[in-house]
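J.: Residues per chain, in single letters:
2 protein chains.
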Amino acid sequence: MSRLEGKVLVAQGGGPTHVINQSVVGVALEARKFSQVTAVYGAVHGVRGIVEEDFVDLTRETTHNLEQVADTPSSGLLSTRDKPDEDYCARMFKVMQVHDIRYFFYVGGNDSSDTVRIVNEQAKAAKYELRAIHIPKTIDNDLMENDHCPGFGSAARYVAQAFMGVNLDNRALKGVYVGVVMGRHAGFLTAASAMARKYVDDGPHLVYVPERAFDTDKFLADVDRVYSQFGLCTIAVSEGISDAKGTPMITKLMGVEERDDHGNVQLSGTGALGDLLTQSIKKGLNLKRVRSDTFGYLQRSFIGCRSDRDAQEAREVGEKAVQFAMWDDVDGSVVIRRPVLNYSVDYELVPITLVAGKTRHMPDHFIHEDGNGVTDDFRNYCRPLLGSNFPQSHRLRAPIVSKILHK
Amino acid sequence: MSRLEGKVLVAQGGGPTHVINQSVVGVALEARKFSQVTAVYGAVHGVRGIVEEDFVDLTRETTHNLEQVADTPSSGLLSTRDKPDEDYCARMFKVMQVHDIRYFFYVGGNDSSDTVRIVNEQAKAAKYELRAIHIPKTIDNDLMENDHCPGFGSAARYVAQAFMGVNLDNRALKGVYVGVVMGRHAGFLTAASAMARKYVDDGPHLVYVPERAFDTDKFLADVDRVYSQFGLCTIAVSEGISDAKGTPMITKLMGVEERDDHGNVQLSGTGALGDLLTQSIKKGLNLKRVRSDTFGYLQRSFIGCRSDRDAQEAREVGEKAVQFAMWDDVDGSVVIRRPVLNYSVDYELVPITLVAGKTRHMPDHFIHEDGNGVTDDFRNYCRPLLGSNFPQSHRLRAPIVSKILHK
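So the protein lines, in turn, are chains A and B. Sequential numbering from 77 applies to the first sequence in the working numbering. Sequential numbering from 77 applies to the second sequence in the working numbering.
Careful, some of the hints might be misleading.
Remember, identical chains collapse to one label, so a pair may be satisfied in a single copy or spanning two.
In the BS3-like style, the derived pairs of lysine-lysine whose C-alpha atoms are separated by at most 25 angstroms in a straight line are [stated by the list, open to error]:
(1) Lys483 / Lys364
(2) Lys364 / Lys200
(3) Lys359 / Lys479
(4) Lys359 / Lys109
(5) Lys203 / Lys170
(6) Lys328 / Lys200
(7) Lys294 / Lys359
(8) Lys483 / Lys170
(9) Lys170 / Lys359
(10) Lys250 / Lys328
(11) Lys159 / Lys200
No wet-lab data here; the hints were simulated from the structure. For clarity, every value in this text was computed on a predicted model and none was experimentally measured.
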């Protein structure tokens, strides 16, 4: 049991998810049960809120409103893309010290976990007593050590539901459809599109993830084969697909690029990749009705499309983070294990260095050997994460009427 | 009461909606109550299924499965963009005659209603006894004589929920966001984005509909003003926005165009307009984080986001179409009236010529005088159409902590 008296600070970093507020609320409600916690602060706009001393006092928030915010997508405490260096962290400490912050919980993905690692190292170097715990969150589902990450299930549900609708749409007015899904390096979210399939000829018929080199000639051959068979083709493509040399297709096809503060190429917020792929299909296969949608920000925080299981687990990782810090008096990263495939979870705390700044990719046995689809292993893995009451599509089974004129 | 004995034929045309199957099922179940109906056929792929004699026998479909299909988005009987001319209609009659079809119900939008008009005129000229009724459907909400159209409410709900999420996302990681919404000539669906707003500073802050000429300079000035005030800007733009001369902005900005079989410029299935607008904002206002999403096909058939009221009304227009044909023995187009703003509906049958091939636009009192937003009149009009249990976003109300270092 930690006897360290002081304040709790919780913050959110990186891209928002549907359930990230659950984790903050999990921290806030659980931390209030410990008498050594003198207050629970929330930093506004992540680490930037710490250096700028922008805190709100969650101890003076009602439980009802916390619960309402927990049910609201995106980051209630707002977010940041800032990536702290040594100097940045030194400034964070100064603020933490004057406010007597002794417990730091940061909800985020790869970049945010690396921030926790740096902060933790600096705290140790400065001999400042601080429990620093990373709470996992990412729709990309790409944090090491985790079976899956909070935020993924709800985004996966959105992607799967979107492809269910798109598949029905593309059946009604036949053509080729390309849906571009988020996922820079990991294909989990794009792979979730496959959960849309019910009938054997349902789309998506082809799924391309960044874990496999993208080859335009093979892609066109795949599309041609499906189109010849069904008279239509529905395709899911990860925004991060790259060629054999690792060059993102968007860079290759456009010849230009835009980078964010972390040096990442801009993939979302533009329909360019989808448009470039549809153009190559139109030209390469001489097809007319070829359309694309880029799911962009819609898949990340769409209100009303949530996995209840995802929300529950996001709450639990917040609670567990506090429990690890208080009862066990340790630092690290909370991870989700899955001892039973269908379905239970355990929460563990692992050293932050196992998670920080690393990327988990889809394992080989989740990807179809042809590199253009997923396996049953992936479907079994993904199904419970989508939550309960997952919608289904239905088809008419009315018998065909015998032709009289054209018999 | 019609004593005409023969078969009922029902078909779906144009773009799918979330609730179009409700109308088909309404026709099928209601028609079965009349002894003069010898069978209920469904045409596969709309009018094309008629000329090609592709029918299924809905009389041999179970009620349970009809109900399941009714709850499934998109066109269960599949659709077509074919626009029948005189010759096409002659071929349709031939098929109708040999199958003894005496009641024709076509669920669709502007183009489909025009098809019903042509078929009806040809039937009269050929002295072939046929009841032909148009059943309204369009997410664009642009059919004349209707207060609103089945399909709009569910698509409007999708657009509003999407903007609720996008608004939260854009608050967390501040920037400029452009969401491009369907609607070639009518701005109703784009205007529905305004239903996402709850707090006074919520987005969308700017809404542009095709009913007002789009001026890039004024647009940039609007964005600049909002961005200066809030440090962010969320924008809803109709895919069909055009300049003062009526040239679509997408044509103007790209310099090229693609047309479908009806001579319509391709607006959906490409992220081009969104990308062009973000580029003009980046360049014109020297802003860095500018993103766009094109809602495309996602907004039309997204499974799991449905207005229950929309579904009920789509069922009722199908039922009413059969009742008008059988009890009143008349042709025409079923329309929805709203005698009570909040909220009741009446169904009437009007001459098809009042609806066919015409486009209803947003009335002036729905559009803000600055041409970049909607009015309370529109909000009051739209609210009941979104259905029950419309989600809400919530914000933290925790008090701000006094600064110590930066005071």
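J.: Work down the list of hints and note, for each, if the structure agrees.
T.: Hint check results:
1. Lys483 / Lys364: The answer is neither: 30 angstroms in one copy and 63 angstroms across copies each exceed 25 angstroms.
2. Lys364 / Lys200: neither (62 angstroms within a copy, 37 angstroms between copies)
3. Lys359 / Lys479: This pair counts as neither: shortest intra-copy Cα distance 37 angstroms, inter-copy 60 angstroms.
4. Lys359 / Lys109: neither (64 angstroms within a copy, 52 angstroms between copies)
5. Lys203 / Lys170: within (13 angstroms within a copy, 91 angstroms between copies)
6. Lys328 / Lys200: neither (44 angstroms within a copy, 60 angstroms between copies)
7. Lys294 / Lys359: within (15 angstroms within a copy, 37 angstroms between copies)
8. Lys483 / Lys170: between (85 angstroms within a copy, 14 angstroms between copies)
9. Lys170 / Lys359: neither (59 angstroms within a copy, 39 angstroms between copies)
10. Lys250 / Lys328: Result: close neither inside a copy nor across copies, 29 angstroms intra and 29 angstroms inter.
11. Lys159 / Lys200: within (19 angstroms within a copy, 74 angstroms between copies)
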